[in-house]
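K.L.:
Take a look at the letters that make up each chain.
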Amino acid sequence: MEPVFALLTGIFLTIAIYLMMSKFIIRMLIGVAILGNAVNLLIFTSGRIMREVPPVIGPGLDVPAGPVANPLPQALILTAIVISFSFFAFLLVLSWRAYSTLGTDNTDEMRVAEPDDAPLPPLGY
Amino acid sequence: MAAVSSPPADLSAALVLQPVTALDWLVVLPVAWCIGIGAVLMMVRHRTFLQPLIAVAALGVLAGLDAALLWHVAQTGPVTMVMGRWLPPFGIAFTVDLMGALFALMAAVVALAGAVAAVTDINDSGRRYGFYPLLMLLMAGVSGAFLTGDVFNLYVWFEVLLISSFGLLVLGAEREQIDGAVKYGFLNLVATTLFLIATGYLYGIFGTLNMADIAAKAGPLRETAPLTTLIALFVFAFAMKAAAFPVNFWLPASYHTPRIVVSALFAGLLTKVGIYALIRVSVMLFPFERRELSLVIAVVGALTMITGALGALAQTDTRRLLGYLVISGIGSMLAGIALGGPGGIGGAVFYALHSMVVMTALYLAAGLAARFGGGFSLAALGGLYARHALFSALSLMLFFAVSGLPPFSGFWPKVMLVKAALDSGAWWLAAALLFTGFLTMIATGRLFLIAYWRPAGAPTLQVAVPATALLPLMALTAVSVLIGLFPETLLGLVQKAALTLDEPSAYLHSVFPAGSAP
Numbered sequence: 001m002e003p004v005f006a007l008l009t010g011i012f013l014t015i016a017i018y019l020m021m022s023k024f025i026i027r028m029l030i031g032v033a034i035l036g037n038a039v040n041l042l043i044f045t046s047g048r049i050m051r052e053v054p055p056v057i058g059p060g061l062d063v064p065a066g067p068v069a070n071p072l073p074q075a076l077i078l079t080a081i082v083i084s085f086s087f088f089a090f091l092l093v094l095s096w097r098a099y100s101t102l103g104t105d106n107t108d109e110m111r112v113a114e115p116d117d118a119p120l121p122p123l124g125y
Numbered sequence: 126m127a128a129v130s131s132p133p134a135d136l137s138a139a140l141v142l143q144p145v146t147a148l149d150w151l152v153v154l155p156v157a158w159c160i161g162i163g164a165v166l167m168m169v170r171h172r173t174f175l176q177p178l179i180a181v182a183a184l185g186v187l188a189g190l191d192a193a194l195l196w197h198v199a200q201t202g203p204v205t206m207v208m209g210r211w212l213p214p215f216g217i218a219f220t221v222d223l224m225g226a227l228f229a230l231m232a233a234v235v236a237l238a239g240a241v242a243a244v245t246d247i248n249d250s251g252r253r254y255g256f257y258p259l260l261m262l263l264m265a266g267v268s269g270a271f272l273t274g275d276v277f278n279l280y281v282w283f284e285v286l287l288i289s290s291f292g293l294l295v296l297g298a299e300r301e302q303i304d305g306a307v308k309y310g311f312l313n314l315v316a317t318t319l320f321l322i323a324t325g326y327l328y329g330i331f332g333t334l335n336m337a338d339i340a341a342k343a344g345p346l347r348e349t350a351p352l353t354t355l356i357a358l359f360v361f362a363f364a365m366k367a368a369a370f371p372v373n374f375w376l377p378a379s380y381h382t383p384r385i386v387v388s389a390l391f392a393g394l395l396t397k398v399g400i401y402a403l404i405r406v407s408v409m410l411f412p413f414e415r416r417e418l419s420l421v422i423a424v425v426g427a428l429t430m431i432t433g434a435l436g437a438l439a440q441t442d443t444r445r446l447l448g449y450l451v452i453s454g455i456g457s458m459l460a461g462i463a464l465g466g467p468g469g470i471g472g473a474v475f476y477a478l479h480s481m482v483v484m485t486a487l488y489l490a491a492g493l494a495a496r497f498g499g500g501f502s503l504a505a506l507g508g509l510y511a512r513h514a515l516f517s518a519l520s521l522m523l524f525f526a527v528s529g530l531p532p533f534s535g536f537w538p539k540v541m542l543v544k545a546a547l548d549s550g551a552w553w554l555a556a557a558l559l560f561t562g563f564l565t566m567i568a569t570g571r572l573f574l575i576a577y578w579r580p581a582g583a584p585t586l587q588v589a590v591p592a593t594a595l596l597p598l599m600a601l602t603a604v605s606v607l608i609g610l611f612p613e614t615l616l617g618l619v620q621k622a623a624l625t626l627d628e629p630s631a632y633l634h635s636v637f638p639a640g641s642a643p
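Chains as they are written, first to last, in my numbering: chain A, 1 to 125; chain B, 126 to 643.
Any given hint could be a false lead.
As the list claims (entries may be wrong) - Calculated cross-link-like contacts (lysine to aspartate or glutamate; reagent style EDC-like; alpha-carbon spacing at most 16 Å):
1. Lys308(B) to Asp105(A)
2. Lys308(B) to Glu109(A)
3. Lys308(B) to Glu114(A)
Said to hold, decoys possible - Take a look, some chain B residues computed to stay more than 12 Å from chain A by CB distance:
4. Ala298
5. Leu352
6. Phe637
It is worth saying that the hints were derived from the structure and are not from the lab.
Just so it is clear, CB atoms sit at the ideal spot from N, CA and C, and this is done for glycine as well.
Please put together the full structure from these sequences, using the hints given.
P.N.:
Structure below.
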């Protein structure tokens with residue numbers, strides 16, 4: 001099962017990187033969203049995939065009765081999902097503001113903070 | 126419902142059964158305090174008068190807590206506290222050693238200075254948009270990153286400080302800030318995601334995320350697992366966070382856009398968290414792999430410091446000039462990490478502490494210079510010396526400090542690094558360090574010549590500067606001078622910190638008092 005997931009993670013990462021290399025913010029945003037999912041899949045696969053019972057301890061027991069699925073990757077992914085979702089939301093709003101304030105979604109044309117024709121420092125006293 | 130009861134299990138293997146002593150609470154208190162005060166500040170969001178009072182007092186307390194923590198750690202060695210009573214490696218552990226405590230204390234000092242400077246720099250609108258709550262959350266993230274003993278937890282604190290830094294960066298929502306924030310946001314998100322990818326692989330290899338556990342288990346796994354690839358991923362991610370060449374372009378694109386206090390705090394805090402994480406992971410967890418990669422790190426470090434200093438020479442905007450100096454300093458710290466040993470790692474830690482203080486102070490000085498001289502452009506600035514001699518003297522001291530001249534704080538780490546480089550035969554690295562100091566001296570010397578000594582072009586209005594604006598600058602400069610004049614204590618501490626990292630048995634013992642993990 002793991003090789004399939006590894007392959008899927010690789011495909012996700014490829015698409016994400018391809019999209020993020022675009023100069024248009026909207027594509028970069030989609031790339032970021034896919035990148036987040038690629039990483040979640042990666043953590044999930046790292047935790048080893050088992051078709052076992054859920055990690056629930058039965059009543060009156062102190063340890064699970066038999067082998068159970070690894071619960072930790074799920075906790076990690078849950079954290080990562082929350083974080084990447086909030087980041088995506090922030091970047092989405094930021095991109096919208098950038099589009100409405102700067103009038104472009106092409107990063108090549110976003111030269112307000114770093115002007116193309118910045119003057120040289122004074123060469124003499 | 127019949128109660129089925131099994132025989133009582135022995136919980137001592139998994140849970141802390143003794144109450145935690147008061148001193149050990151110091152380990153988590155800095156983080157909890159920052160989050161709590163952040164929430165309080167959020168509640169008084171509209172009382173713009175109250176906010177700075179609470180924040181400054183709270184950061185003062187935070188500095189006190191961190192100082193007490195440093196004292197405690199220096200006395201007893203690394204201290205561990207676990208979350209929810211779960212013993213490591215099951216629960217998340219906060220483990221503080223000397224390096225973490227030193228970084229946390231310096232960060233608190235820098236943040237305190239920033240909060241005082243913000244009283245005059247951040248107006249009511251900025252306060253209503255949450256400058257102080259965001260600052261407290263930023264400090265929660267920074268302190269958490271310095272104190273945690275768990276790799277995934279470190280990632281979480283990275284994200285906490287990153288999201289707060291987004292909020293601080295766009296405070297004011299000017300065109301420049303939006304532009305800078307887009308680049309800062311995307312590139313930093315990629316960097317932290319790379320960190321998360323590396324963490325995923327780490328978990329896949331080790332099955333644990335506790336740092337002490339990893340350090341203990343790395344030895345046997347070294348033969349079979351692709352640890353060098355893993356650590357290369359970590360180095361790449363942290364180098365991007367620390368703004369190392371050639372993945373540093375987010376820094377010059379964004380650091381000059383926010384309010385000057387925000388720039389100052391970023392320059393003092395953010396990149397150093399990247400350096401801290403790099404030292405923690407590469408030196409303590411994977412020392413062999415660090416040695417394998419040391420040439421790469423050394424070359425990257427040399428290129429970072431030289432391109433940073435050259436970039437500083439080419440800038441007209443004083444804030445952008447300082448941004449390149451931040452990058453240049455990162456190169457020196459990377460050189461220390463590449464060299465290793467007490468001299469190299471100690472030098473890197475010392476340099477980071479010095480850089481936190483001095484870079485923050487330099488940005489604050491640039492802000493004051495803009496207030497006196499009417500802008501940030503070197504073409505327009507002039508006559509600052511005639512206007513305010515004390516301010517000029519403070520600035521000159523900081524320029525000397527950042528260039529690494531005695532008797533200021535930049536001198537000692539540079540001595541340590543150059544000596545370590547020469548001892549290990551890396552003469553070219555020592556030459557790069559000295560050449561960078563020379564270039565930095567030219568850049569800052571020209572800044573002083575043009576902005577301070579050159580007569581003012583057009584007569585500008587006299588500006589009254591309140592004490593709260595000059596006070597943090599004076600305090601930070603005093604710290605730099607004190608470190609420069611009396612380096613003994615700090616030198617001893619950083620060397621001890623480097624030794625603890627090199628030989629982490631005390632760290633491991635603090636997490637697993639009964640020997641290694643099951």
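K.L.:
Grab the minimum beta-carbon distance between Ala298(B) and chain A and tell me whether it stays above 12 Å.
P.N.:
Given a closest Cβ separation of 7 Å, the condition is violated.
K.L.:
With a cut-off of 16 Å on the C-alpha distance, tell me whether Lys308(B) and Asp105(A) pass.
P.N.:
holds, 12 Å
K.L.:
Are the Cα atoms of Lys308(B) and Glu109(A) separated by 16 Å or less?
P.N.:
holds, 12 Å
K.L.:
Taking the minimum C-beta separation from Phe637(B) to chain A, is that value above 12 Å?
P.N.:
Label holds. Min Cβ-Cβ 19 Å, cutoff 12 Å.
K.L.:
Are the Cα positions of Lys308(B) and Glu114(A) separated by 16 Å at most?
P.N.:
Given pair Lys308(B), Glu114(A) holds - Cα atoms ~11 Å apart, limit 16 Å.
K.L.:
Is the Cβ of Leu352(B) more than 12 Å away from each Cβ in chain A?
P.N.:
With a cut-off of 12 Å, Leu352(B) remains clear of chain A, as the shortest Cβ separation is near 15 Å.
Hint 4 from the list above is the single one not met by this structure.
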